[in-house]
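In order, the protein sequences belong to chains A and B. Take the first sequence: its letter number 364 is residue 364 in the working numbering, and every next letter is one higher. Take the second sequence: its letter number 206 is residue 206 in the working numbering, and every next letter is one higher.
Hints may be right or wrong, so weigh each one.
Unchecked claim - Coverage of chain A stretches by chain B, computed from C-beta distances (three or more under 8 Å per stretch; other residues unrestricted):
hint	segment
1	289–302
2	344–356
What the hints assert, rightly or not - Distance condition first, Cα-Cα at most 30 Å in a straight line; then the derived DSS-like pairs of lysine-lysine:
hint	chain 1	residue 1	chain 2	residue 2
3	B	320	A	329
4	A	359	A	284
5	A	284	A	329
6	B	320	A	359
Just so you know, the hints here were simulated from the structure itself, not pulled from any lab data. Ideal Cβ placement from N, Cα and C applies to all residues, glycine included.
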Amino acid sequence: MKGRLLLLQIAAPALAILFGMVISSIIILAIGRSPLEVFGIMVRFSLGRTDSLFSILFKSTPLILSGLAVAMSFRVNLFNIGVEGQYYIGAFFAAYVGFSLRGLPAAVHLPLALLAAALGGMVWGLLPIILKLRRGAHEVITTIMMNYIASAVLLYLINDIFRDPSQAGTPRVRTPDVAAAARIPSLGPLFAQFGLTGSDVQKLNALLLLGVLLAIVLAFVLARTRFGYEVRVVSANPEAAEAAGIPNARVQFWVFMLSAGVAGLIGLNDILGFFGYLDIDFPKGLGFLGISIALLAKNNPIGVIPAALLFGFLDRGAQGVQFFARVPKETIVIMQAIIILAIVVAYELMTRYIRIQRKREAEATTPTAPRAAEAGS
Amino acid sequence: MEYLTSLVSLALIASAIRVTMPILLTALGAVYAERGGVVNIGLEGIMIMGTFFGAVGDFFFAQAFPSLVQAVPDLAPVAGVLAAILAGIAFALIHALVTVTFRVNQIISGVALNLLAAGLARFLNILLFTQATQSPGVRGFTPIDIPLLRDVPALGLLVRGISPMIVVGLLLVVISQWVLLRTRFGLRLRAVGEYPLAADTLGISVTRMRYAGVLLSGALAGMAGAYLAIEQAHLYFEGMTQGRGFIALAAMIFGNWWPLGALGASALFGYFDALSLRVVRLPVPYQFISVLPHVVTILVLAGFVRRAQMPAADGVPYSKEEE
Numbered sequence: 001m002k003g004r005l006l007l008l009q010i011a012a013p014a015l016a017i018l019f020g021m022v023i024s025s026i027i028i029l030a031i032g033r034s035p036l037e038v039f040g041i042m043v044r045f046s047l048g049r050t051d052s053l054f055s056i057l058f059k060s061t062p063l064i065l066s067g068l069a070v071a072m073s074f075r076v077n078l079f080n081i082g083v084e085g086q087y088y089i090g091a092f093f094a095a096y097v098g099f100s101l102r103g104l105p106a107a108v109h110l111p112l113a114l115l116a117a118a119l120g121g122m123v124w125g126l127l128p129i130i131l132k133l134r135r136g137a138h139e140v141i142t143t144i145m146m147n148y149i150a151s152a153v154l155l156y157l158i159n160d161i162f163r164d165p166s167q168a169g170t171p172r173v174r175t176p177d178v179a180a181a182a183r184i185p186s187l188g189p190l191f192a193q194f195g196l197t198g199s200d201v202q203k204l205n206a207l208l209l210l211g212v213l214l215a216i217v218l219a220f221v222l223a224r225t226r227f228g229y230e231v232r233v234v235s236a237n238p239e240a241a242e243a244a245g246i247p248n249a250r251v252q253f254w255v256f257m258l259s260a261g262v263a264g265l266i267g268l269n270d271i272l273g274f275f276g277y278l279d280i281d282f283p284k285g286l287g288f289l290g291i292s293i294a295l296l297a298k299n300n301p302i303g304v305i306p307a308a309l310l311f312g313f314l315d316r317g318a319q320g321v322q323f324f325a326r327v328p329k330e331t332i333v334i335m336q337a338i339i340i341l342a343i344v345v346a347y348e349l350m351t352r353y354i355r356i357q358r359k360r361e362a363e364a365t366t367p368t369a370p371r372a373a374e375a376g377s
Numbered sequence: 001m002e003y004l005t006s007l008v009s010l011a012l013i014a015s016a017i018r019v020t021m022p023i024l025l026t027a028l029g030a031v032y033a034e035r036g037g038v039v040n041i042g043l044e045g046i047m048i049m050g051t052f053f054g055a056v057g058d059f060f061f062a063q064a065f066p067s068l069v070q071a072v073p074d075l076a077p078v079a080g081v082l083a084a085i086l087a088g089i090a091f092a093l094i095h096a097l098v099t100v101t102f103r104v105n106q107i108i109s110g111v112a113l114n115l116l117a118a119g120l121a122r123f124l125n126i127l128l129f130t131q132a133t134q135s136p137g138v139r140g141f142t143p144i145d146i147p148l149l150r151d152v153p154a155l156g157l158l159v160r161g162i163s164p165m166i167v168v169g170l171l172l173v174v175i176s177q178w179v180l181l182r183t184r185f186g187l188r189l190r191a192v193g194e195y196p197l198a199a200d201t202l203g204i205s206v207t208r209m210r211y212a213g214v215l216l217s218g219a220l221a222g223m224a225g226a227y228l229a230i231e232q233a234h235l236y237f238e239g240m241t242q243g244r245g246f247i248a249l250a251a252m253i254f255g256n257w258w259p260l261g262a263l264g265a266s267a268l269f270g271y272f273d274a275l276s277l278r279v280v281r282l283p284v285p286y287q288f289i290s291v292l293p294h295v296v297t298i299l300v301l302a303g304f305v306r307r308a309q310m311p312a313a314d315g316v317p318y319s320k321e322e323e
């Protein structure tokens, strides 16, 4: 049983990815192209070039954080769809700390900017979770509304209040430059020692390490600490948690704050790690991708890392497909959505299959007792 | 004072009614889905499909049958609305399959549908119109006057030169209220949403009723999208739904899961939507006026959701073996 279980755990996502590939193959065939050729280009472009590998790591960095943020909220039966808006606000907080303070040493300025980003995310997550716990307002809808409001607030802040005066007369809508001390250090110099250089190597920054570290810490907290135990009980059985003296509302509140805080960091890969300022056209949609990644990882913090790498790979591959095969990169977006739908169905079927198997095994070992009880009820 | 009077002008109310329609139709769809016990967060994505296929149906029908459309111009928008409804049903079918048949978490399925819709609309737009974000302009319905009422001078803009889809939408509200309250189908749908085990025991197919509720929600959200593209913007462009599918869900909750309630709630959202569109001279930056409907949605959910009586089995997958 144990071996078969492990096999199923691996087979379910593999089958879902395969199903996603089949559907996209049909789409590629429908537009008169060869799926083999397109997938071939995708794999060769993403995995066969050094710059692509670094680009995948760079793209995966915010996705790890985003996947972690969503997964944490899912763990306590909350749907934080507001990761998107939370990272907009976090990005602004970090940029503000970055460009308004001068002369601080990096050892102070950068941690301050990171904290500000987390705080920004938490500020934006506060209202939905309070309304959920106090007033019963469904967090899915309130967080989505907060996403729209975040875009508007950000536009107002960047365009009307903090627009870089040195960009006056240009169409650029962006904040002033962040102080060098608040920039996240690039991993480029490290790889340069091994002879690896180029713009994609240079882009890769230490936030990747922070994301991986965070995943490990969260996994440890969930598995080994008292707080993690409370989270697991609340997610498995809210009534039992309450009866055992674990207040659901308190656990949900803090996990949601944690989720929003991690969400606040997502934008930093681009803002503090690459551009060095917050432009109104900064990368968006990373929060929604986090939902897919959390689902793919089954809300397991460590599982978020390979899931984020897969999406980083698909994203890079989409660029290659668009450029070299002249197939719209949206084909890959569709494939991602299909994979998610397939994966949730696959996991559901797997869970059900395991439950039935367990029941059968339990019945096989004690053949008469449960049946008798059933007949008596 | 000047901007206070402009808050209640006849033109604003007429505009409010127009922008109420997409929210209302989608909220009506949500009522059917949730009365049957299925939460459909994917309505936003279905609405996106509706805007796209509404424009596509309208545009290509006019291209394919130019002489026919010249004789009866309204045929093109009719084709658009039908295409949008079909696309909405097809998308809702995915949601029904995933949540009713496979019993996957309904929120997750809805979220995935929204992601799929956004990608699919861009992809198909590139294929059909060689660019990702916008369709060519399309023809709307010929505006109509309401018989009898059109001669009342005080009503003016409210009854003259309005879209026939507004009339259809309002009729659908009344019909839906009657269907849910009085017909066999309506009672069965509600039974399945309240207490599926009891309904199942009485021989009502829970699966079939839930499919019906979800597919109806798809048809109505598709139609809502068609209205946006065909009647309001006269083209499809990316992001034109602006979260109205989610706002409609809030309207349905505020309307206490009833069609007439949804009408009242949608009208409230429509009013703020119209306000944000017209940019009445308020002493507030324009960015904040544009999110008025979203702010109102949060306020409504926070303030009034408590008194609401949601269907008891709403959002809960039903399985024969496990009850």
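For each hint, the structure was consulted:
Only residues whose beta carbon comes within less than 8 Å of a beta carbon in chain B count, and the segment 289–302 of chain A has 3; three or more means the coverage holds. Counting residues of the segment 344–356 of chain A whose CB falls under 8 Å from any CB of chain B gives 4; the rule of at least 3 is met. Under the criterion of a C-alpha separation no larger than 30 Å, the hint pairing residue 320 of chain B with residue 329 of chain A is inconsistent with the structure, at around 42 Å. Note on residue 359 of chain A and residue 284 of chain A: the hinted pairing is violated, with a Cα-Cα distance of about 46 Å set against a maximum of 30 Å.
Simply put, residue 284 of chain A and residue 329 of chain A have alpha-carbon atoms about 16 Å apart, close enough for the 30 Å limit, and the pair holds. The hinted pair formed by residue 320 of chain B and residue 359 of chain A meets the criterion: a straight-line CA distance of about 16 Å does not exceed 30 Å.
In this structure, the earlier hints numbered 3 and 4 are contradicted, and the remaining ones agree with it.
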